[in-house]
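Participant: Take these sequences, add in the hints, and give me the full structure.
Chains Z and H, in that order, give the protein sequences.
Residues in the first sequence are numbered from 0 upward in steps of one, following numbering that gives the first Met the number 0.
Residues in the second sequence are numbered from 0 upward in steps of one, following numbering that gives the first Met the number 0.
There's no promise every hint is true.
[Stated by the list, open to error] Result set (DSBU-like, lysine-lysine): computed pairs, CA atoms no more than 35 Å apart in a straight line: (1) Lys14(H) to Lys74(Z); (2) Lys377(Z) to Lys298(Z); (3) Lys385(Z) to Lys345(Z); (4) Lys495(Z) to Lys350(Z); (5) Lys271(Z) to Lys14(H); (6) Lys283(Z) to Lys65(H); (7) Lys65(H) to Lys108(H); (8) Lys435(Z) to Lys377(Z); (9) Lys705(Z) to Lys654(Z); (10) Lys75(Z) to Lys65(H); (11) Lys74(Z) to Lys65(H); (12) Lys343(Z) to Lys298(Z).
[As the list claims (entries may be wrong)] Short derived list, chain Z residues pointing at chain H, Cβ under 10 Å: (13) Ser36; (14) Cys49; (15) Leu52; (16) Glu65; (17) Ser336; (18) Arg340.
Worth flagging that the hints you see were computed from the coordinates, not collected in a lab.
We put the CB at the ideal spot given by N, CA and C, even for glycine.
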Amino acid sequence: MDDIIAEFIAETNENLEELDNDLVTLEQDPDNEQLISQIFRVIHTIKGTCGFLGLSRLESVAHKGEDVLGLFRDKKLDVKPAYVSVIFEAFDVIKEIVGAIEETGQEPTGDDSQLIGKLEAIYRGEDLDTTAAAETVDQPQEENLIDDLEGGVWDDVPAVTAEEFGVAEQGGHEDTDDHDHVLDHGPDHIQDHEDDHKQAGKVKQQAGAASNLSLRVSVDVLENLMTMVSELVLTRNQLLQIARQNSDNDYLSSSLQRLNLVVSELQEGVMKTRMQPVSNAWGKLPRIVRDVSQELGKKVDLEMHGQDTELDRQVLDLIKDPLTHMVRNSVDHGIESPEERAAKGKPETGKIILNAYHQAGHINIEISDDGKGLSTEKIRQKILEKNLATKEELEEFSTQQIQQFIFHASFSTAEKVTAVSGRGVGMDVVRNNIEKIGGSIEMRSEEHKGTTFTIRIPLTLAIMSSLIVGIGGQRFAVPQLAVSELVLVGRESGYKIEDINDSPVLRLREQLLPLVSLSGLFGIEDPDPDGAKYVVVTKVGAYMFGLVVDDVYEFEEIVVKPLASNLKNISVFSGNTILGDGNVIMILDPVGILKTVGVQDVVDNQIEEGHNIKATTRETLLLLFRAGDETLKAVPVDMVSRLEEIKIRDIEYSKGNQVIQYLDRLMPVFNMDKNKNDSTSRPLIILKHEGKNAGLMVDQIIDVAKYHGEFQDNSNDNVLDSIIINENAADIINAALLANKGVIISEDSVHG
Amino acid sequence: MRSCLIVDDSVVIRKLVRTIIEDFDFECHDAEHGEAALNFCKTNPLPTLVMLDWNMPVMNGLDFLKSLRTLDNGSAPVVIFCTTENDMTHIQMALEAGANDFIMKPFDKEIVRGKLEQNHLWEPR
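Facilitator: Here's what the structure looks like:
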């Protein structure tokens, strides 16, 4: 009998998992006979089995629920939201009881008379007060969720341990022969309703962890396996390193090769056992969306894509609550009321789309809604109200930067605080918790169109792909997730580190990238300050910054070891690892570094929309043209006096140089493509410099464009510098040099 | 040994019924719904006893019973419908379709013993 109870719990949990979603679907599609039969059957089976097992409290709730569902099935009762809410309430009680049985082996005592009364009333065809029903279901749940987000649930990974199973098994002490006496100790104990709900939060998590497993293995066992495999990976790495140094032993290297392969497969296999589909974290969302939208009188559809995307259960557990919170937020703050939507010409029913997908070794989860989006104006006011930035600073921020303020502590823009969200515990907690597992969160929003959150999280926390970098001879690991690009700077690389307002920056594709010098940060002496450096372009959420390092080695799968507790408060490191050669190195925490150097500084220096550049960098208007070869060429517009079209036959020769009669003077003409004389006429740029003019014959005038940035402008070469403009490379022609060879033409005559 | 086919969509119920039925000297077989049960009956000697649930996915108990009765050739299995009070209205239909008896869930060994005795599958002692 013991294993029967355990099996009953597994079966019931599995069925219940689907039940919430099925019921939500049914509410939207009340005529779906197959669905109602399915829901009915699940409850029917629970009720039937309970009888055998002597679980009287569970049986009575399931029984009354089944009665109502039977009416739905037989079309004697319409599927109304108010009724569905009560059925949900019954599901919750069932889950709570099943969870408690799983934990203690005993059916918990409790008073369901209120719920049973409601179910009976529906069965008898009495009308219910909708709001009363909805409140009792949703209110206590809300408390739990907020508590979860505030409290330490994050550190406390719910795990079903062997002990708990043991208890559950012992609990099944009843026998079919004598189940009658068990019936006695059921619903007689009257208890405070609140107590039940305090239990509910804990119990629900237990239920989630135990379902959907075909083979039940204690999570402790898996964790242990993972640790050992991690150790094995390290040892393998060390062995491989040794073998590389002593490559003369064929015997050793072939055995090692095999070991390498097996260990890799073992690692993959163990990782796989820890993988769970993301739908495990999403399972409750349709129900939550339904409840919240009901409560707020909104119409919301939830669409889910990529439910099968798998990730480590530890990561999954940690993102479950942030996800739930964000989806609630979307319903509460994002989606407008049906009237508001209709007035805006949008469909009355709002849409929330969840999407999960793999991308280069990590998982992206997007939560988008087609709601009202973020009002930048309101955020701006709030920023000023809360003194998070000055008015002057705000002027400088881009829309994107302003929107990121919603991740600041105590930042809620809802005009009225509702019970659903917006108590000030919000996006900052979400962000902190996502960053805690090495992930990042980003938001894009357009007012009246909607908001999209993108969460990027690692597949697993145990083994991480990292870039190994060197600073002054010491090595560090940078999580690959954060690395978006590597740039070689100094020497002939074409990139150089500049100082703007005393902070180092790198000009990268028309953007200024704030830099953090790791040698400066860690106090490591730089043996070669003027030598070539690498900039590791690092992305944390919407912020980009560069880490300046001396060397870049390779990407390596490293096993993350947590920091010793006395180093925990050093936020620039997230852990350490042992490399193949046996050296212990620190893992850098980009988020921690960003915080240590000051997020504000970075935001100040961040260039997103270009308007900051005006204040700090030179802007040059360039005339773009082609001449000779395909390379784009440019001259500053302020060195151009006129553009003319000349006929080839008008070109004359004077002292062996090409000249043209221009405003009664012979002006030298420079031809960048001497071989090209086939056309009858060509564009001529008349350059001016310090009063002198000269003509530059080109193939084609392309455009005039603004260039933000410096270029070399004092040189005796024909080409001053090469720049990137409009994503194309362009040579800046030394117009001054050419013009100086020209003749003086008075301004009067030019314009005359 | 005589055999019993237990048809129920709940694995827990199947196990529970099996523990009871095995004590009455039956070799037990499982099916999770009517269609699986029907396949079993088509590919194996017909069982002596069928413990049949009503409400199952794919094929319900009544449809299975009707099909089973068309299969049978002389050796008619004793079919006991396992129902709950919600299925009371169905009992008449079940008996008309050829069920021998019905038994109300939850049942225990003594109730099953009584039913088996009534259907001459167990000798009263």
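Participant: Is the straight-line distance between the alpha-carbon of Lys283(Z) and that of Lys65(H) 35 Å or less?
Facilitator: Cα-Cα ~40 Å, so violated.
Participant: Are the Cα atoms of Lys14(H) and Lys74(Z) separated by 35 Å or less?
Facilitator: Satisfied, since the Cα-Cα distance of roughly 34 Å is no more than 35 Å.
Participant: Is the hinted pair Lys75(Z) and Lys65(H) satisfied, with a Cα-Cα distance of at most 35 Å?
Facilitator: holds (28 Å)
Participant: Holds or violated: Lys343(Z) and Lys298(Z), Cα atoms, limit 35 Å.
Facilitator: holds (15 Å)
Participant: Can you verify the interface hint for Arg340(Z): is its Cβ closer than 10 Å to any Cβ in chain H?
Facilitator: Since chain H brings no Cβ nearer than about 39 Å to Arg340(Z), farther than 10 Å, the hint is violated.
Participant: Within a Cα-Cα threshold of 35 Å, do Lys435(Z) and Lys377(Z) meet the stated pairing?
Facilitator: Holds, at about 29 Å.
Participant: Are Lys377(Z) and Lys298(Z) close enough, with their CA atoms no more than 35 Å apart?
Facilitator: holds (25 Å)
Participant: Going straight from one Cα to the other, do Lys65(H) and Lys108(H) come out at no more than 35 Å?
Facilitator: Holds, at about 28 Å.
Participant: Does Lys350(Z) sit within 35 Å of Lys495(Z), going by the straight-line distance between their CA atoms?
Facilitator: violated (47 Å)
Participant: Hint Cys49(Z) vs chain H: min CB-CB distance below 10 Å?
Facilitator: holds (8 Å)
Participant: Could you grab the alpha-carbon distance between Lys705(Z) and Lys654(Z) and see if it respects the 35 Å cut-off?
Facilitator: The given pair, whose Cα atoms are some 38 Å apart, is violated under the 35 Å limit.
Participant: Classify the hint on Ser36(Z) as holds or violated, based on whether any CB of chain H lies nearer than 10 Å to its CB.
Facilitator: holds (8 Å)
Hint compliance for this structure: hints 4, 6, 9, 17, 18 are not met, and every other hint is.
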